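Please take these sequences and the hints and turn them into a complete structure.
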Amino acid sequence: MSYVKTDSEQLLLDDLQIEHSKYCFIREGISENNYLSSLERSLNTLGLLEPLVVHSDTRGEIHLVDGFKRAVLLKRNGARHCRVKVLSSETPLDYILNLLFLSQSHRISFSFVSRASFVNLCLDLGLENKQIINQFLPLLGFEGHETIMRNCAKVIKLPKLVLEFCDKKRLSMKQCVHLTHFSDELLTIVFSWKDILNLTVSLIEELLEGLETILRRESLDLYVLLKELGVDDLLMASISPQVKTEKLRRKIKIKKYPVLSRVNEKIEKTKNEMNLPCHVLLYRDQSIENHKLDFKIHIKKIEDLETALEKLQQTKTSVEKILEAL
Amino acid sequence: MASKASEIPVALDYRECKKKLHITSRRGEVMDVCSTFNEKYICCNVHVLKTVSNCPFDCSYCFLQNYLTNTAMQVIGDTKAIMQEVLERTQKEPGRLFRVGTWELGDSLALENMTKSASELIIAFAKLPNAILELKTKSDVVEPLLSLEHNGKTVVSWSLNPESVIRREEHKTASLVKRLAAMAKVYRAGYLIGLHFDPMIYFEGFEKDYEDLVIRIFQVITPERVAWISIGSLRFNPEMKKTIENNFPKTMLTAAEMVLGDDHKMRYVKPLRVLMYRNLYKALVKAGAKDCNIYLCMERWDMWEKIFGFYPDSYEHLDYLMAKNLYERFPGIARSL
Chain Y
1 MSYVKTDSEQ
11 LLLDDLQIEH
21 SKYCFIREGI
31 SENNYLSSLE
41 RSLNTLGLLE
51 PLVVHSDTRG
61 EIHLVDGFKR
71 AVLLKRNGAR
81 HCRVKVLSSE
91 TPLDYILNLL
101 FLSQSHRISF
111 SFVSRASFVN
121 LCLDLGLENK
131 QIINQFLPLL
141 GFEGHETIMR
151 NCAKVIKLPK
161 LVLEFCDKKR
171 LSMKQCVHLT
181 HFSDELLTIV
191 FSWKDILNLT
201 VSLIEELLEG
211 LETILRRESL
221 DLYVLLKELG
231 VDDLLMASIS
241 PQVKTEKLRR
251 KIKIKKYPVL
261 SRVNEKIEKT
271 KNEMNLPCHV
281 LLYRDQSIEN
291 HKLDFKIHIK
301 KIEDLETALE
311 KLQQTKTSVE
321 KILEAL
Chain D
327 MASKASEIPV
337 ALDYRECKKK
347 LHITSRRGEV
357 MDVCSTFNEK
367 YICCNVHVLK
377 TVSNCPFDCS
387 YCFLQNYLTN
397 TAMQVIGDTK
407 AIMQEVLERT
417 QKEPGRLFRV
427 GTWELGDSLA
437 LENMTKSASE
447 LIIAFAKLPN
457 AILELKTKSD
467 VVEPLLSLEH
477 NGKTVVSWSL
487 NPESVIRREE
497 HKTASLVKRL
507 AAMAKVYRAG
517 YLIGLHFDPM
527 IYFEGFEKDY
537 EDLVIRIFQV
547 ITPERVAWIS
557 IGSLRFNPEM
567 KKTIENNFPK
577 TMLTAAEMVL
587 GDDHKMRYVK
597 PLRVLMYRNL
607 YKALVKAGAK
617 DCNIYLCMER
627 WDMWEKIFGF
637 YPDSYEHLDY
647 LMAKNLYERF
657 PGIARSL
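Chains as they are written, first to last, in our numbering: chain Y, 1 to 326; chain D, 327 to 663.
Just so you know, the hints here were simulated from the structure itself, not pulled from any lab data.
These numbers were taken from a predicted model, which means no experiment stands behind them.
The hints are all genuine.
List of simulated lysine-lysine pairs, BS3-like, C-alpha gap at most 25 Å:
id : chain 1 : residue 1 : chain 2 : residue 2
1  : D       : LYS568    : Y       : LYS169
2  : Y       : LYS292    : D       : LYS632
3  : Y       : LYS255    : D       : LYS576
4  : D       : LYS568    : Y       : LYS157
5  : Y       : LYS253    : D       : LYS568
6  : Y       : LYS157    : Y       : LYS22
7  : Y       : LYS255    : D       : LYS568
8  : D       : LYS568    : Y       : LYS256
Right under this line is the structure:
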């Protein structure tokens, strides 16, 4: 049985759901790039060589399945009609989704977020879990398991700004799922800093973790905490994004680890008082878990050894003090 | 219900699995040393019998949440086979005292009314010359134990925390009042008692709550019959943080000031641990329990030094110190050697 009504037919573009097509799996505008201008040139010179594929649903609405970019360009260039192949309303949903996957596999496979968007589309359109698990998850490179579907559903609820970032940076499922543990409010704030600060994915995670822990521990409102940390002033300061980032990290760290910060501050003070020559280096565990100190001496000439040994002789009290704090 | 090992389905839902008990037969070796062993942390070198897997209780900090591959709740019913293994193992080193616990992957007594497996082990250990059984629990299930011929070879232990912590974090376990009442019964039945203040939880006002806890314990038992006391603080691997937060959204455990240790576990920062341990140790000394084999569970040597003023050279050394203490205080333990 063929579900394609006719070879192709003319359709009024205004009658076609393009951006609002129920098969539009990721709602993003089309960005101007070389591919798009080349496609536009082709449409202007050769016309529409392959008809668009549309689905006529039971309510009589016509939804675009394949040819989103072409449809937008045709409309933009003033076309009123276009040739389409129509999938009848009886067409099984998984056939349409399979077609959609084949025609957009490059975009769908781009990132975890795009794959999750496709899974979510399958769910939204009412495809049975079993079919998604057995048919589409393996196609998308996932293991056929319910957990994957649950993860996709969770991730897709992230704020738009976050989803765009995860998609662009091609974050893994684990990284995306991790972000779902944070509130939308916190995510939106931290991700809004991405153009002001020097933020890598791991730094974003560190800031989120830090702020979330403090908020929970101290039962604070996010904006009260940000004010307390002086975040607004810091973000507006005339310093480089790198310096801003480091300052913010430090502020959050001190607030997250108050006891540890106090001990470390005390140790650093003692260490500075030791006035070690620059070729004598003192290392220790910043988490203060390991009760030990490591000295490293760079020796280029014999005098370096002599000055180091002489200085080390004088540091006994300070070393004792640091060890006591560890 | 009882199931053959081969019939137990691989279960993944951790909570759902707590509702159904499978009695299984022994598969492979069940006697091992405590799996928390790590060279940077001093371990008491206790042996464990992996006879119980998963637990009907629902503690928010429980490592089983993301440890078990198959979360089906299981108890090995084949005591004869277990004891054969224990006998072979302990006979190889007749001069050594083996402490053997059944709490590695679950609660030793929570299911005892149904399984009676701990009771069978108590009777079997009573005849072993160089081994003591430890049953560790957060339950009050002790009735099946009271009339057994234990021969002083079983230590019934409780994992203890102040009532406020029990209510917040140790869901479905017996309240402190019930645990203490059960402890009193076991004590009267002549068993040795073990106390485990582990995991200690840090919270505002912890000092008084832990001091009160110690006072209440020694209102129902005397230190003379306490075989050992362990002290340890909350620890979990970083991957478990989110599991805890997902399973227990209201818990504040993971919001504490914690750092990653060399054993890849998160712990309270050292100054907090020192505060907690010192405070508890002081309360224990005040209660007359100084000589009750008090040890730190999975802590560094310098922490031992800070709390007790000394540290064992190795886990073997701690094992020896504990055995020596037991022989000196309970000569009956060595009677059959």
